[in-house]
Each structure stands twice: as structure tokens, then as C-alpha cells.
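Protein chains in written order, with the numbering used here: chain A, 3 to 249; chain B, 18 to 220; chain C, 3 to 211.
For the record, the hints were derived by calculation from the structure and aren't laboratory data.
Even glycine gets a Cβ: it sits at the ideal position worked out from N, Cα and C.
Honestly, I wouldn't trust all of these hints.
What the hints assert, rightly or not - One side only, chain A facing chain C, incomplete, derived with CB under 7 Å:
#1 Ser54
#2 Ile57
#3 Phe58
#4 Gly59
#5 Gln71
#6 Arg79
#7 Asp90
#8 Pro96
#9 Phe104
#10 Val214
#11 Ile215
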Amino acid sequence: MTSLIEFENYTYRYPDGTTALSGFTMNVEQRERVGIVGPNGAGKTTALLALSGLIFGEGTIRIDGETLQKKNGRQLRSRVGLVFQNPDDQLFMPTVYEDVVFGPKNLGWNAAQVDKAAKEALDAVELPGYEQKSSHHLSSGEKKRVAIATVLAMQPDILVLDEPTTNLDPHARRRLMQLLASLEISTIIAGHDLELILELCTRAVIINNGAVIKTGEPKELFQDKLLMEENYLEVPYSLRKVREDVY
Amino acid sequence: MHIPDGFLDTKTIIVTNLISGTALYVAFRRLNRAVSPEKVPLMGVLASFAFAAQLLAFPVAAGTSAHITGAVLLAVILGPFTSLVLIAMILLLQALLFQHGGVLTLGANLINLGLAGSLFGYVVYRIREDFLMAGVAAFLAMVAGGVCAAAELTISGRLPWKAAVISIGTAQVVTGLVEGFVTVSVLTVIQHVRPDLLELRKI
Amino acid sequence: MRHSFIDKYSDLTTPIHALHPRVKLLVFLALLFYFAAVPITWWIVGLNVLGLTLGTLIARLPFRFVLKRMMIVLPFLVLIILFIPLFQEQSWTDAGITAARAFCSILALILFMSTIPFRVLLDELSRLGVPKFVIQVFSFIYRYFFVLIDELERMELASRARTPNRSRKHYYTALSRMLGMLIIRSYERSERIYQAMQLRGYDWEESEV
Numbered sequence: 003m004t005s006l007i008e009f010e011n012y013t014y015r016y017p018d019g020t021t022a023l024s025g026f027t028m029n030v031e032q033r034e035r036v037g038i039v040g041p042n043g044a045g046k047t048t049a050l051l052a053l054s055g056l057i058f059g060e061g062t063i064r065i066d067g068e069t070l071q072k073k074n075g076r077q078l079r080s081r082v083g084l085v086f087q088n089p090d091d092q093l094f095m096p097t098v099y100e101d102v103v104f105g106p107k108n109l110g111w112n113a114a115q116v117d118k119a120a121k122e123a124l125d126a127v128e129l130p131g132y133e134q135k136s137s138h139h140l141s142s143g144e145k146k147r148v149a150i151a152t153v154l155a156m157q158p159d160i161l162v163l164d165e166p167t168t169n170l171d172p173h174a175r176r177r178l179m180q181l182l183a184s185l186e187i188s189t190i191i192a193g194h195d196l197e198l199i200l201e202l203c204t205r206a207v208i209i210n211n212g213a214v215i216k217t218g219e220p221k222e223l224f225q226d227k228l229l230m231e232e233n234y235l236e237v238p239y240s241l242r243k244v245r246e247d248v249y
Numbered sequence: 018m019h020i021p022d023g024f025l026d027t028k029t030i031i032v033t034n035l036i037s038g039t040a041l042y043v044a045f046r047r048l049n050r051a052v053s054p055e056k057v058p059l060m061g062v063l064a065s066f067a068f069a070a071q072l073l074a075f076p077v078a079a080g081t082s083a084h085i086t087g088a089v090l091l092a093v094i095l096g097p098f099t100s101l102v103l104i105a106m107i108l109l110l111q112a113l114l115f116q117h118g119g120v121l122t123l124g125a126n127l128i129n130l131g132l133a134g135s136l137f138g139y140v141v142y143r144i145r146e147d148f149l150m151a152g153v154a155a156f157l158a159m160v161a162g163g164v165c166a167a168a169e170l171t172i173s174g175r176l177p178w179k180a181a182v183i184s185i186g187t188a189q190v191v192t193g194l195v196e197g198f199v200t201v202s203v204l205t206v207i208q209h210v211r212p213d214l215l216e217l218r219k220i
Numbered sequence: 003m004r005h006s007f008i009d010k011y012s013d014l015t016t017p018i019h020a021l022h023p024r025v026k027l028l029v030f031l032a033l034l035f036y037f038a039a040v041p042i043t044w045w046i047v048g049l050n051v052l053g054l055t056l057g058t059l060i061a062r063l064p065f066r067f068v069l070k071r072m073m074i075v076l077p078f079l080v081l082i083i084l085f086i087p088l089f090q091e092q093s094w095t096d097a098g099i100t101a102a103r104a105f106c107s108i109l110a111l112i113l114f115m116s117t118i119p120f121r122v123l124l125d126e127l128s129r130l131g132v133p134k135f136v137i138q139v140f141s142f143i144y145r146y147f148f149v150l151i152d153e154l155e156r157m158e159l160a161s162r163a164r165t166p167n168r169s170r171k172h173y174y175t176a177l178s179r180m181l182g183m184l185i186i187r188s189y190e191r192s193e194r195i196y197q198a199m200q201l202r203g204y205d206w207e208e209s210e211v
């Protein structure tokens with residue numbers, strides 16, 4: 003069986019010559035939740051943008067067996083639901099409803115389908131009745147969930163979240179975690195919230211300098227103090243055994 | 018210098034709107050031919066920028082303050098016609114949302130800010146394309162806009178010409194200095210941080 | 003927050019709010035033309051002020067809110083009144099009538115904009131044939147204007163926190179550098195927004211100017 007997502011020896015250089023990804027290789031299986039962790043500048047966001055067909059480098063990315071290329075980028079793109087770190091960049095329409103239907107409308111669905119998709123997406127993120135609200139007046143947690151609804155409405159194969167818990171208060175973060183746990187969809191979560199990845203993901207990938215350092219079960223990886231510190235990470239609080247670990 | 022409704026007479030309203038309407042039509046035609054997809058969010062966000070920047074008060078003297086318009090700045094970055102269209106949109110929104118300026122006086126205000134800033138200012142800037150010239154252009158544009166405003170009010174029979182030119186002109190010299198200073202500083206910051214933004218296609 | 007009054011009262015349910023947006027738009031424009039063009043006597047001024055005041059009452063707009071928004075025409079009035087002694091053809095009556103025209107126009111403008119949500123106005127303009135491109139840019143402005151104002155206020159606060167005793171030169175430089183950074187951030191934001199649009203299948207052909 004083919005993996006849902008495959009990066010194979012993928013390399014990306016920015017126009018100014020900086021290498022963001024070099025020989026990046028990883029995969030995501032169907033119905034799997036994978037966490038990508040690594041220091042700032044390790045290439046997390048670049049990998050997500052490449053997967054969404056927004057930037058193109060050397061090497062191969064396959065989505066459900068299909069190779070992502072410039073010519074099918076637009077069509078494959080809609081199967082990857084990327085949720086940006088800052089929901090203000092993703093919610094660009096005046097009202098929640100207009101934002102949620104933006105994608106479905108562009109996919110050419112008819113009015114009934116568009117309406118149904120929007121309703122289902124808002125129900126899924128537990129924000130029914132928010133259609134006419136303006137994004138500017140929402141809380142950070144609500145904005146994040148609307149942003150997730152805008153991509154869920156397009157019924158993607160995979161949900162990809164970049165730093166999903168930035169700017170969320172503990173309560174909003176907890177609700178988001180429950181929401182992500184309840185969605186039955188393959189998910190990639192990138193970011194620094196190791197506790198979240200520990201709780202939700204079955205697999206974690208540590209990356210640094212644009213390449214995969216190690217893949218494995220989150221608990222196992224995150225316990226490895228040396229590995230974590232070499233990659234500018236930290237053993238999560240919940241995995242520390244003795245107080246000496248706290249300094 | 019946004020003229021509110023009620024300060025211009027009928028003939029001035031008609032003439033100024035005809036002039037501005039024609040200029041906008043030409044600008045739209047130019048944009049229509051050359052605009053690319055990423056320009057829509059760019060124009061929207063940069064117009065929001067100019068709109069927000071206009072709310073920033075630069076204290077001048079005796080409790081008065083100056084507001085910048087950014088017409089020359091936008092023209093230098095995005096080109097004169099894009100700047101003109103954005104200024105027109107900002108003027109409409111300012112009138113509707115902030116009651117700053119009027120609706121029937123939109124034509125007159127677009128002459129004073131848009132034609133004077135985006136077009137005349139850009140022509141001045143093209144004489145020698147450097148930041149100092151952009152500052153000079155921004156200053157001259159504000160003064161020219163003030164003279165236009167004075168003329169509009171005089172033709173409408175609201176103010177004597179001399180008094181109008183002297184009072185509005187003085188105010189515009191001061192705001193023009195601020196506008197010129199801000200234009201040069203903002204361009205310098207851009208040059209320093211993201212010089213590629215000065216290389217966009219200008220329409 | 004310098005933008006909290008926008009659309010503050012536009013969601014009320016009163017007979018004026020309930021009017022069809024196109025009717026409201028046409029009545030509003032007709033009123034503006036009327037105030038600009040029709041020769042005005044004091045009787046007419048009185049009637050208009052009475053009518054518009056009644057309108058604001060029916061629309062349940064707070065009096066202080068309306069008065070505060072009206073004050074924006076004052077500098078122009080002062081300018082005109084100051085120069086009356088120098089202007090032979092102009093009399094106090096003329097100045098008064100100019101003031102009446104200005105106040106009636108702005109009252110109509112406030113009444114109109116406070117009883118129609120901005121989004122509804124855009125929809126109506128779009129139906130009246132305003133190009134889609136213009137409507138799109140307007141909705142972007144309406145969405146991001148607030149975001150940018152808040153960003154600007156945060157930057158202003160940060161700069162104030164670091165410069166307790168600022169000279170004017172310092173302040174000007176700080177403000178302009180702030181604007182420089184804001185325009186760059188805005189540009190970068192527009193790039194991310196464009197990516198967000200592409201991700202949701204933004205099709206250029208369909209939304210051309």
C-alpha cells in the first residue's frame with residue numbers, strides 16, 4: 003500500500019541561496035497523526051508549503067501516489083488542508099461564512115453542496131451559528147477553529163497544522179486538542195508544542211537543518227535528553243522523572 | 018485637506034467629478050490590462066496600510082497635527098495608476114466610515130490628493146528617481162493639492178481666493194514637510210530591510 | 003481603539019435599518035444632491051434638520067455619538083467664518099447656509115452609514131455593477147484595516163515604552179520607521195494571504211478585473 007504523503011530526497015533553496023530543505027525524506031500513512039518538531043529555521047514551514055504545492059524544489063513529493071508537479075499543483079493543492087500559524091492571514095474575507103465557502107466555491111461545487119460543506123465544517127469545529135460573524139471580532143481560539151473549518155470545507159485528504167497552539171490560552175488549547183483528536187483525518191502537526199504532539203500523535207519526526215534527524219514514537223524520542231538538546235529541543239515536562247531535570 | 022459635503026457648489030461638484038472620473042477610468046483601463054493575481058491582496062493590504070497610516074497624527078504646533086496621505090509613497094512602490102485607484106478607494110471609505118471628507122466632494126478630493134499626489138507627484142519623482150526627489154515630490158504634491166482645494170472653494174464662492182490660498186497653502190506647506198519626511202524615511206526603511214519591494218512592476 | 007464606532011449601530015432592528023439597501027442608497031444620494039444644489043432658506047434648513055433628527059431618533063442612534071461624528075466639519079466652518087470680514091460678497095447668512103448644508107449632509111451620511119452594515123453596502127454596490135475587483139479590494143481593506151490599526155497601536159505603544167522623554171525629532175523618526183516596518187509587514191502579509199487564497203483554489207480567470 004502506498005503512503006498518503008511521501009517526501010523523497012526533497013531539496014529546496016530560497017531565491018537568496020539559503021537551503022531550507024536538503025534531502026528531506028519522510029512519509030505519512032493513511033489515518034496517521036504525525037508531529038514534526040525541530041528548532042526555528044529547521045525547515046518545518048518550508049516542508050509544509052512544499053507539500054501544499056505553493057513552492058517547488060528538487061526531489062519528489064507524492065500525495066496518495068500522485069507526484070506533485072507545477073501542472074497538477076492547483077488540483078493536488080486542494081487535497082492538502084494547510085492551516086497557517088496566524089489565522090489572520092488565512093481568514094481574509096469579511097465574514098466567517100464567506101471565508102468558509104471561499105474554497106468550495108472555487109472548486110466549482112453547486113450552491114447546495116457549498117452550503118452543506120460550510121455547515122458541516124463549522125459543525126465539525128464546534129462553531130455552528132458563527133456564519134455571519136466577522137473574523138475580526140473572534141477570539142484567537144475561535145479564529146484558529148474557523149481557519150480549520152475553511153480547509154475542512156474543501157474535504158482534504160490530510161490536515162496540516164503549522165504551530166496550531168500559538169497565541170491560544172490553555173482552555174482554547176485544550177479545546178483545540180480535543181477537536182483534533184475527534185477529527186478522523188490524517189494530520190501533520192508541526193511546531194514546538196511537544197506536549198500536544200505527545201498526546202495526539204502516534205509518530206514524531208525530529209528535523210534540523212532541513213533534514214530528518216530521527217523518526218519514532220513520540221514518547222521514546224522526546225525522552226532522549228541528548229537527542230533533544232542536540233536539536234535545540236527540550237524533554238517535555240510530563241516526561242521528566244526527577245526534579246533534577248528541571249533547571 | 019478633505020473637503021466635506023456642503024462646501025462646494027453644483028458646478029464645481031460636476032466639473033471635479035468629471036475630471037476625476039476620467040482619470041480613474043484611464044487608471045482602471047491600465048490596471049485591467051496589467052494586473053496580476055497576487056496584486057489583489059497586495060492592493061487590499063497596502064490600501065489598508067495607507068488608510069491606517071492616515072489615522073496616525075503627527076503633532077505640528079499648538080495642538081494641531083498633520084496626517085500623511087501616502088499617495089506619492091504608493092506611486093513610487095506600485096506605480097501612479099495603482100496609487101490613484103487606491104487613493105480613490107481610501108477617500109470613499111474615509112468619507113463613508115469616518116465622515117472624513119464627503120461623497121459628492123470625492124471628485125474634488127481626488128484631484129487634491131490623487132491627481133496631485135499619485136500623478137503629478139509621480140511625474141516630479143520621475144525627474145530624478147531617488148528618495149530625496151520622492152520627498153520633494155510628496156511636498157510639492159501636498160502644496161499643489163492645497164492650491165487646488167483653495168481654487169475649488171473659491172470657485173464655489175465660499176472663500177476669497179487670496180485668503181484661501183494663504184490659509185490652506187500654509188497648512189499644506191507644513192503637512193507637506195511632514196509628508197516629504199515620512200516618504201523619504203519609509204522608503205529608506207524599505208531599502209534597508211526589503212529592497213526587492215522597490216523593484217515591483219509599476220503600473 | 004480608534005475604529006470601534008464603525009458598524010457599531012448598523013445591526014439594530016428599526017424601520018430605517020430594515021429599509022432595502024438600494025432604497026436607502028438612492029435616498030441618501032438624492033439628499034446629498036439636494037443639500038448641495040437647492041437654494042436654501044432658513045425654513046428649509048429647519049425642516050431638514052427636524053427630518054434628519056427624527057431619522058436618527060427612529061434609527062435609535064445615540065445623540066452624543068451623532069454629535070461627535072458631526073464635529074469633523076468644524077475646522078472648515080471655522081476657516082470660512084474667519085474670513086467673512088475679508089470677503090465682501092460673503093455675508094453671515096451665506097456662511098450660515100454653508101454651515102447648514104454641511105451639517106445636513108454629514109447628518110445624512112451618519113444616518114446612512116450607521117443603518118447599513120458595510121458588508122451589505124458592498125453586496126449592493128456589487129449588484130449595481132461595480133467591478134468585482136473593486137469589491138474584492140474593498141473587502142480586503144475592510145478586513146485588514148482593523149488588523150493593521152491594532153498592529154500600529156501595538157508598535158506605537160512599544161516605541162513609547164522605550165522613549166519616555168522624546169523630542170519631536172525622535173518622535174517623527176520613530177513614527178516614520180514604524181510606518182516603514184508596517185508597510186513591509188503588510189507586504190509580507192499580502193504574500194501569505196495570496197498563498198491562503200491559492201490553497202483554497204483561488205482561480206484568477208474567474209475573478210478578473
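Against the structure, the hints:
no. : hint   : in the structure
1   : Ser54  : holds (6 Å)
2   : Ile57  : violated (9 Å)
3   : Phe58  : violated (13 Å)
4   : Gly59  : violated (16 Å)
5   : Gln71  : violated (15 Å)
6   : Arg79  : holds (6 Å)
7   : Asp90  : holds (6 Å)
8   : Pro96  : holds (5 Å)
9   : Phe104 : holds (5 Å)
10  : Val214 : violated (24 Å)
11  : Ile215 : violated (27 Å)
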